[in-house]
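Read top to bottom, the protein sequences are chains A and B.
Each residue of the first sequence is one higher than the last, beginning at 1 in the UniProt record's numbering.
Each residue of the second sequence is one higher than the last, beginning at 1 in the UniProt record's numbering.
These are computed hints drawn from the structure, not numbers from a lab.
There could be a bad hint or two in this list.
Some but not every residue of chain B turned toward chain A, in silico, with C-beta under 10 Å [claimed, not checked]:
#	residue
1	SER17
2	PRO19
3	GLN53
4	ARG62
5	GLN63
6	ALA95
7	ARG98
8	PRO103
9	LYS179
10	ALA338
11	PHE340
12	ALA346
13	HIS352
14	PHE353
Mimicking DSSO-like on lysine-lysine, the simulated pairs with C-alpha atoms at most 30 Å apart in a straight line are [what the hints assert, rightly or not]:
#	chain 1	residue 1	chain 2	residue 2
15	B	LYS337	B	LYS191
16	B	LYS108	A	LYS2
17	B	LYS337	A	LYS2
Backbone N, C-alpha and C define an ideal beta-carbon position, used for all residues, glycine too.
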Amino acid sequence: MKVHVDMSICLLHGQCVIAAPEVFSFDDEGQLQWLADVDDGLRADVEAAADACPEQAIRID
Amino acid sequence: MTLSALDPGTAPYLDLSDPTFSIRSEPVRQARAASWYARTPYGLAVLRYDDVQKLLRHPKLRQGSYLWPQHNDVTGKFATWWMSMLLCQEGDTHARLRRMANPAFSPKLIADLLPKFQALAGRLIDRFAKKGECDFIAEFSEPYATGVICDLLGLPFEKWRELADIAGDMGLALGVTFKRDLPIIEAATEKLFAYAEELVADRRANPSDDFIGMLVKANADKAQLSDQELLDMIVLAIFGGIDTTRNQLGLAMSVFIDHPDQWALLAERPELGKAAVEEVMRVRPTVTWVTRAATETFTYNDLEIPQGTTLHLFSQSAGTDPAVFPDAGFDITAERKAHFGFGGGAHHCLGHFIARGDMTEALKLLARRLRNPRLNGEAQWLPDSGNTGAISLPIAFDPEA
């Protein structure tokens, strides 16, 4: 499963980090890091992250 | 050079304790042009878009009102709920509760509710459309905001008055007379918990995929969401959803009365409903600021912010910051950056998909049916700071044939 984040609309609220901490995280500079290619076992978490994003910036393929 | 937020320094001063203070006043605009922050009687005010965005999610800040009952020397049922509920949690506990709540607030669940919101708005408008006048708050925004919560909870619309009164009584806890009004607040809190318990008992007996049903499902694993946390969450959803939506819709009507061409445009092009909600919330959010408190001393923009400092992040001032919105006239067709009317960061409003959905449906329908709305007498307003809005908003419009 491929995960995309549209950084042109992301406001770094961090709701994805709360919803799917194994996939999304903030680095020391506070920038969003994420796994672009994720095992299907984490699909439910990633979908929850995409749903929870206030800016709806996450797309799953 | 690093300044301390404790120094008087040269930063502008805004007297937030003055009842006539307005978030939209010239002194706020001047302060924003001169400085990213202002001093206030209760800590700092943060004025510019970029700084509001950064500080909403700053790791050295926590949500700022968790000590409110303590500051008022109040204990009891309301205080216990306040200190335990999602908004006042941080870190792992906050993340766990938020994960448990998210499915009940997901955009997928809201789609099923939109037809109900349309029906509710239509029914309310039917009652006054032919008269050509109404009090927009008493006859539309309050029953609508509360009716939406009834739909969400699966309660009949007839319950709206009782729920609105309970939420109103509980809301006294946010005012300066918190301690004096405590008996009323405690009684309302008890009633709301009784409602929540009834709803939970019903869904345990009749499992469902609606809002309460999803929360009851999350409660199956008590380690993830305990029985008490489940009730706390339902009470938060009811308490948090009523006054905010009522106020925001009143503000929307007031803004559109000042911009009749935009109202006519929305009537013609209902697909602009969603953008209309965003544009109203950018220039006239009911939540004019959110608060954060420093968990430790840290330096930001060369300013030392001591542990315990309260920061008021001005969403209204950020949304009209000329550095980000140079051509900031009210325009529902403009492409804009996101506003902070729903706060931001870990505590971003949980109910925003519901609020956006219900306000979009309401504005689309109102614009189509209430032509040429105008003020029809004197409106009564809450102070233009904190959580603002109209208490009454008498309007006239072209009577429906």
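Here is how each hint holds up against the structure:
A hinted interface residue such as SER17 (chain B) counts as satisfied when its beta carbon comes closer than 10 Å to some beta carbon of chain A; here the least separation is about 31 Å, so the hint is violated. For PRO19 (chain B), the suggested interface contact is broken, since its CB lies about 33 Å from the closest CB of chain A, more than 10 Å. This hint holds: GLN53 (chain B) has a C-beta 6 Å from the nearest C-beta of chain A, less than the 10 Å allowed. This hint is violated: ARG62 (chain B) has a C-beta 14 Å from the nearest C-beta of chain A, more than the 10 Å allowed.
Annotation: GLN63 (chain B) was flagged as interfacial toward chain A, and the flag is violated, the nearest CB pair being 14 Å apart, outside 10 Å. For ALA95 (chain B), the interface hint holds, the least distance from its beta-carbon to any beta-carbon of chain A being 5 Å, beneath 10 Å. Evaluation of the ARG98 (chain B) hint against chain A yields a held restraint, the C-beta minimum of about 5 Å falling below 10 Å. The criterion of a C-beta within 10 Å of any C-beta in chain A is met by PRO103 (chain B), whose closest approach is roughly 7 Å, and the hint holds.
With a least beta-carbon distance of about 34 Å to chain A, the hint placing LYS179 (chain B) at the interface is violated under the 10 Å criterion. Interface restraint check: ALA338 (chain B) against chain A, minimum CB-CB distance 6 Å, threshold 10 Å, status holds. Below 10 Å, beta-carbon pairs count as interface contacts, and PHE340 (chain B) has one with chain A at about 9 Å; its hint therefore holds. Checking ALA346 (chain B) against chain A: minimum C-beta separation of about 6 Å stays under 10 Å; hint holds.
Because the beta carbon of HIS352 (chain B) sits about 6 Å from the nearest beta carbon in chain A, less than 10 Å, this interface hint is met. Checking PHE353 (chain B) against chain A by beta carbon gives a least distance of about 9 Å; that is within 10 Å, so the hint holds. Straight-line distance between C-alpha atoms of LYS337 (chain B) and LYS191 (chain B) comes to about 41 Å, which puts the hinted pair past the 30 Å bound. Distance check on the hinted pair: LYS108 (chain B) and LYS2 (chain A) sit about 21 Å apart at the alpha-carbon level, within 30 Å; holds.
With a CA separation close to 27 Å, the supplied pair LYS337 (chain B) and LYS2 (chain A) stays within the 30 Å bound.
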